[in-house]
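> Read top to bottom, the protein sequences are chains A and B.
Just so we're aligned, residue 2 is where the first sequence starts under the numbering used here, counting upward by one.
Just so we're aligned, residue 12 is where the second sequence starts under the numbering used here, counting upward by one.
To be clear, the hints were calculated from the coordinates, so they are not data collected in a lab.
Note that the Cβ used here is the ideal one computed from N, Cα and C, for glycine as well.
Where hints are given, some of them may not hold.
Unchecked claim - Pair by pair, the computed Cβ-Cβ distance ranges are:
(1) Glu151(B) <-> Thr116(A): 37 to 47 Å
(2) Asn65(A) <-> Ile125(B): 34 to 44 Å
(3) Ile4(A) <-> Pro182(B): 22 to 32 Å
(4) Glu51(A) <-> Gly122(B): 25 to 35 Å
(5) Ser159(A) <-> Lys57(B): 49 to 59 Å
(6) Ala216(A) <-> Gly124(B): 49 to 59 Å
(7) Asp74(B) <-> Ala97(A): 42 to 52 Å
(8) Thr60(B) <-> Thr157(A): 41 to 51 Å
(9) Ser57(A) <-> Ile158(B): 37 to 47 Å
Claimed, not checked - Here chain B is said to cover these stretches of chain A; the calculated rule only asks that three of the stretch's residues, wherever they fall, bring their Cβ under 8 Å from a Cβ of chain B:
(10) 7-18
(11) 133-144
(12) 167-178
(13) 185-198
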Amino acid sequence: MVIVQDSRPRDWAYMAAFKEKDLPSLEEMVKHIRETHDVDMIESFHKKCEQKLKLSGQTTTLDNGIEIQVVEKTADLVVNTGLQHCINLILWTSGAFFANIIASRNNVLIPPTVTDTALNTVSGGPYAFQLQTSGWSEAKGMKLFYATLVHQDAVTTSMTILNEMGVYNGPIMTNTMLNHEVFFNNQLSRNITPDLLVFANVFILSCVVEFCPVA
Amino acid sequence: MSLNQILEAPRDKQTELMLKYGPKDTCWAANWGENDQPLLEKYFIKSATLGLEDNPMVIEFFDQLENKWNDHKGVLQIDGQTFEIIDIAKTKDIPTVQGLQWCCKRIINPGLGITYRYHGVGSDNREPRAYQQRLYGETEPRADMTIPAKGSITRVNQSIRAIGIFPIDFPTITVRESAIFTNVTVYTGIMLNRQVFTGGGAGVPIVHTVNVAPFTVATDINFASVTTWL
Chain A
2 MVIVQDSRPR DWAYMAAFKE KDLPSLEEMV KHIRETHDVD MIESFHKKCE
52 QKLKLSGQTT TLDNGIEIQV VEKTADLVVN TGLQHCINLI LWTSGAFFAN
102 IIASRNNVLI PPTVTDTALN TVSGGPYAFQ LQTSGWSEAK GMKLFYATLV
152 HQDAVTTSMT ILNEMGVYNG PIMTNTMLNH EVFFNNQLSR NITPDLLVFA
202 NVFILSCVVE FCPVA
Chain B
12 MSLNQILEAP RDKQTELMLK YGPKDTCWAA NWGENDQPLL EKYFIKSATL
62 GLEDNPMVIE FFDQLENKWN DHKGVLQIDG QTFEIIDIAK TKDIPTVQGL
112 QWCCKRIINP GLGITYRYHG VGSDNREPRA YQQRLYGETE PRADMTIPAK
162 GSITRVNQSI RAIGIFPIDF PTITVRESAI FTNVTVYTGI MLNRQVFTGG
212 GAGVPIVHTV NVAPFTVATD INFASVTTWL
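Given these sequences and hints, build the entire structure.
What follows is the structure, given as structure tokens:
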């Protein structure tokens, strides 16, 4: 028997869906976190996501009263180039911090590997979201938090489903990827409203990189 | 202390977690020959011209440390001259909570200012713990690894590789502990890790005598180590 222990940082992500009418409140929450570095609010958001995952039939609301419609979670990995770039940032040999989340839609289950630095875009994407305007990037203790809001604008119908995401240090996939998450068997989908021609749901894509758990 | 007592010595939960899940921290302390200081300096001045990522001279330096640790010769070459490791000790210890927290802050905001650049050594042998923030018997001065003649701090794959050169005139010391810091002054700054050379499996700690020969302390902190048991 061969046992392999890979002690790279742990990495997981949530994809949470909310009603389209909640977008202004969600934008306010994201802006508040970004401007005040309120990492407790991020942790509370993750706690509510976990609660919703465990009790999927029950109503779960965030601290600001917004109801989470549905949430999914995946635990994937930090890629090698991402870790290398982390060290470059620590040693200040680079100043290009992780500033974007890129998401895509794939139709084939391909579990990511540590050298897999491009999202699969067979069915749509890549869609880049800038964290400085639509999300957050924060550190607490030995954890990194990155997230973005995915708006309701139906730019393309392929954004009905997003099932891959990664944090990058720029808006295109040739930039350096930190982590690669795949929601394949548990992807969320949303519909376009017939009257307003926008998606009926907005998503929050949120991920956590943890260098060491806290006792 | 008996082997059983050592194995059963209580560790705090955070140190256990750091050992199990945190980055892997390995350190080599090496004594060099009495005429080797100019060669060591020349080696790292040349190394500094080869960049801060995957630097082949840094890789070679660590390879030679490991060679010496494995009872082979540890020999380096610069400008046609060779020089050799005399004594070596190796240990595997841990990053600190504060050290990793500072790493996370820098990943989010690299413009924070100070970063890790000093290697310190000391003579205290109390066991390393994840919450420690200082060396307990530190001897000044710390080596500034950003000055090529005093060491090197670079990235090799998913590791931070830091080397401090401690010159001939460094005070006499038995090197039992070492760490990487953000500040130059003893007992200040954020300590990234703490390594202790306790003897036994970690090898006999090296002894440095002032005005005899230089020594180096080299640290590898691997953020993605892979261990395979067959």
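> Determine for every hint whether it applies to the structure shown.
Results of checking the hints against the structure:
1. Glu151(B) <-> Thr116(A): 37 to 47 Å: Given about 44 Å between the Cβ atoms, the range holds.
2. Asn65(A) <-> Ile125(B): 34 to 44 Å: The hint (34 to 44 Å, Cβ to Cβ) holds, given that Asn65(A) and Ile125(B) are roughly 37 Å apart.
3. Ile4(A) <-> Pro182(B): 22 to 32 Å: violated (45 Å)
4. Glu51(A) <-> Gly122(B): 25 to 35 Å: Holds: the Cβ-Cβ distance is about 33 Å, inside 25 to 35 Å.
5. Ser159(A) <-> Lys57(B): 49 to 59 Å: Holds, since Ser159(A) and Lys57(B) (Cβ atoms, about 53 Å apart) stay within the stated range.
6. Ala216(A) <-> Gly124(B): 49 to 59 Å: violated (30 Å)
7. Asp74(B) <-> Ala97(A): 42 to 52 Å: violated (30 Å)
8. Thr60(B) <-> Thr157(A): 41 to 51 Å: holds (49 Å)
9. Ser57(A) <-> Ile158(B): 37 to 47 Å: This hint is violated: roughly 58 Å between Cβ atoms.
10. 7-18: holds (count 5)
11. 133-144: Contact hint for the region 133-144 of chain A vs chain B: holds, 7 residues under 8 Å.
12. 167-178: violated (count 0)
13. 185-198: violated (count 0)
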